[in-house]
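Novice: Residues per chain, in single letters:
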Amino acid sequence: MEKFTTITSTCVPLPIENVDTDQIIPARFLKATTREGFGDNLFADWRYDKAGNPKGDFVLNNPTYKGEVLVAGKNFGSGSSREHAAWAIGGYGFRVVVSSFFADIFRHNALNNGILPVAVSEEFLGELFVSVKRNSKATVTVNLQEQTITNNETGKSESFNINAYKKECLLNGLDDIDYLLSNREKIEAFEKQRVYSY
Amino acid sequence: MKTLFDKIWDAHVVTTIKDGPTQLYIDRHFCHEVTSPQAFSGLRARGLKVLRPERTTLTADHNIPTVGQDKPISDDTSRFQVETLEKNARDFGLTYYGLNHSKNGIVHVIGPENGYTQPGMTIVCGDSHTSTHGAFGAIAFGIGTSEVEMVLASQCVLQSRPKTMRIHFEGRLAENVGAKDMALYMISKMTTGGATGYFVEYAGEAVRNLTMEQRMTLCNMSIEMGARGGMVAPDEITFAYLKGREYAPKGERWEEALAYWKTLRSDDGARFDKEITFNAAEIRPMITYGTNPGMAIPVDGSIPTLDDIEEAGRGSFRRSLHYMNFAPGEKLVGKPIDYVFLGSCTNGRIEDFRVFANYVKGKRKADNVTAWLVPGSWQVREQIEEEGLDEILREAGFELRQPGCSACLAMNEDKVPAGKYAVSTSNRNFEGRQGPGSRTILAGPLVAAAAAVNGKITAP
Ligand code: SF4
Chain A
33 MEKFTTITST CVPLPIENVD TDQIIPARFL KATTREGFGD NLFADWRYDK AGNPKGDFVL
93 NNPTYKGEVL VAGKNFGSGS SREHAAWAIG GYGFRVVVSS FFADIFRHNA LNNGILPVAV
153 SEEFLGELFV SVKRNSKATV TVNLQEQTIT NNETGKSESF NINAYKKECL LNGLDDIDYL
213 LSNREKIEAF EKQRVYSY
Chain B
20 MKTLFDKIWD AHVVTTIKDG PTQLYIDRHF CHEVTSPQAF SGLRARGLKV LRPERTTLTA
80 DHNIPTVGQD KPISDDTSRF QVETLEKNAR DFGLTYYGLN HSKNGIVHVI GPENGYTQPG
140 MTIVCGDSHT STHGAFGAIA FGIGTSEVEM VLASQCVLQS RPKTMRIHFE GRLAENVGAK
200 DMALYMISKM TTGGATGYFV EYAGEAVRNL TMEQRMTLCN MSIEMGARGG MVAPDEITFA
260 YLKGREYAPK GERWEEALAY WKTLRSDDGA RFDKEITFNA AEIRPMITYG TNPGMAIPVD
320 GSIPTLDDIE EAGRGSFRRS LHYMNFAPGE KLVGKPIDYV FLGSCTNGRI EDFRVFANYV
380 KGKRKADNVT AWLVPGSWQV REQIEEEGLD EILREAGFEL RQPGCSACLA MNEDKVPAGK
440 YAVSTSNRNF EGRQGPGSRT ILAGPLVAAA AAVNGKITAP
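Taken in sequence, the protein lines are chains A and B. Sequential numbering of the first sequence, starting at 33, is according to our numbering. Sequential numbering of the second sequence, starting at 20, is according to our numbering.
Check before you lean on any hint, since a few could be wrong.
Below, simulated SDA-like cross-link-like pairs (lysine to any residue); rule was C-alpha separation at most 20 Å, straight line [stated by the list, open to error]: (1) LYS382/B / PRO347/B; (2) LYS224/A / VAL32/B; (3) LYS26/B / GLU223/A.
Which residues of chain A face chain B? A few of them, derived with a C-beta cut under 10 Å, are [what the hints assert, rightly or not]: (4) ARG67; (5) GLY71; (6) GLU100; (7) ASN195; (8) ALA196; (9) TYR228; (10) SER229.
Note that these hints are calculated values from the structure, not bench results. In this text, a Cβ means the ideal position worked out from N, Cα and C, and glycines have one as well.
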């Protein structure tokens with residue numbers, strides 16, 4: 033996994049609430065057996081028409097907006113547990129998703145793939161949408177070590193939460209399996225001491 | 020003083036990382052073809068084996084056709100994905116129920132019906148509706164593919180302890196109201212993010228009166244309000260369901276298990292982070308009108324008007340109604356529909372087929388409706404035949420298909436065309452869920468049957 037430290041980037045705004053993982057990557061693209069290539073189908077049904085041509089009115093097809101930060105409306109990533117959603121977002125080139133609320137499984141999946149979900153207040157989110165709308169070159173800075181996000185247009189900063197363990201993993205580019213495997217003795221000890229075992 | 024959740028969680032803690040998640044031991048792990056291939060590739064890349072192969076069971080369900088399962092799957096990528104699962108089962112020494120196996124079916128249907136799912140267990144699967152298994156008094160939740168790899172490698176996952184919530188359904192349900200209506204009613208009150216961060220225990224008279232099938236339907240939908248999972252304390256109904264199932268304990272082991280299972284209930288006075296009470300008698304047959312499961316109303320009710328919606332949510336509300344081609348304030352009763360789907364891990368069990376068959380008995384399917392009746396498993400299908408329900412369905416102009424997830428997520432050919440309306444007993448009405456441009460109206464089996472017979476939305 034790639035290490036994550038600090039990112040300053042322009043934003044891609046998606047001011048839609050309740051973006052579910054079926055929108056992020058529709059089920060018909062889940063037939064693959066590898067993790068690659070999902071970025072091409074990120075938001076496929078919003079992004080392409082039936083013939084597969086880019087729809088001009090969707091933000092990913094608008095060259096004005098670029099960057100490693102996706103800014104989305106409240107309750108991002110609800111629905112299916114498909115990790116393909118995180119692979120699609122990462123595959124497209126996003127490293128950060130900013131929203132005022134994330135669904136649980138999506139948050140886990142994102143973190144397991146080196147993508148940082150940053151939950152901000154409604155107010156901060158609203159202002160960020162305004163800043164980006166006013167100036168497509170507006171940037172945010174996300175500092176993982178300090179756990180802060182700054183809207184560089186307004187200078188406003190907010191701190192965000194992340195589990196300390198996950199933060200370490202992200203900062204060092206380590207994943208959970210490395211940790212779990214180092215723990216084999218504890219697993220066996222647990223199995224031995226169980227009172228009622230299945 | 021512990022909640023049911025606390026008791027099971029605490030019994031599975033291997034260790035807790037300082038300032039971090041808990042390493043939780045997993046008793047039962049299910050895999051299907053769509054969310055597991057990359058996990059197995061991960062194991063290969065690291066040169067790892069499956070730590071406890073006897074604890075993982077594989078089935079093909081998401082990406083398979085529901086007719087002609089005896090023939091090779093015609094879509095190349097789908098076939099390859101299913102073959103990959105089979106190969107992974109072989110290479111890693113895991114039990115696999117492939118197409119045409121008598122135990123094949125939707126993962127959340129076959130787990131319980133074979134007795135794999137038991138009270139007090141921790142259960143995971145790379146699928147959000149793993150919450151279904153909570154009906155037995157288990158901690159069951161969906162995980163991502165990286166976590167599937169973790170479970171295969173270590174029989175553990177890393178999880179932060181969720182908060183606990185108890186939802187009481189006091190009183191009794193009306194005659195024609197079922198667990199799906201309870202679920203849609205609850206989600207409409209809670210909203211789709213209302214239980215995010217929580218694990219929910221369902222309690223109260225109306226819950227205790229539910230059969231196991233119905234409890235599964237209710238727990239299944241927990242994820243649609245954002246919950247990590249839902250659970251019901253095991254009781255005599257649970258034990259009666261489990262007794263004699265193939266992988267349930269037998270003989271002395273059964274007695275031992277039973278003694279333990281009987282301790283699995285929230286202690287009087289146990290503290291939940293949140294408690295909510297609904298009056299079961301108020302619930303009516305429900306239906307959805309929008310593009311998330313929280314957008315539900317009684318079948319004979321009206322879609323909210325813009326004034327009913329908070330300012331901030333109006334954009335999404337409008338967008339959703341535009342997609343469905345419905346207007347604010349409108350009634351749905353009488354609207355013509357095109358498809359009916361009876362099936363999925365929400366409503367693809369024997370009781371759902373009984374309810375549907377009972378309604379359509381002696382009536383005829385409407386000519387304008389295409390109906391897909393998809394049993395959740397081969398065992399469900401066999402029971403349908405044993406009870407003679409297939410005969411009733413056939414006489415009414417319906418046909419049974421072969422088991423699988425089918426139109427619930429439309430990875431196979433069972434896709435609803437763009438612009439068409441489907442009354443569906445599945446769990447998600449997201450844009451395009453049942454095929455690009457499809458319009459899904461969620462309901463229980465009774466409302467689906469009424470729609471299938473009348474060709475339009477009908478209050479049962
Ligand atoms: S029936 Fe639908 S919700 Fe259930 S496991 Fe299959 S795809 Fe998922």
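Novice: Evaluate each hint against the coordinates.
Specialist: Hint by hint, here is what the structure shows:
no. : hint                : result
1   : LYS382/B / PRO347/B : violated, 33 Å
2   : LYS224/A / VAL32/B  : holds, 13 Å
3   : LYS26/B / GLU223/A  : holds, 17 Å
4   : ARG67               : holds, 5 Å
5   : GLY71               : violated, 15 Å
6   : GLU100              : violated, 21 Å
7   : ASN195              : holds, 6 Å
8   : ALA196              : holds, 4 Å
9   : TYR228              : holds, 4 Å
10  : SER229              : holds, 9 Å
Checked against the numbered hints given earlier, this structure breaks hints 1, 5 and 6; the rest are met.
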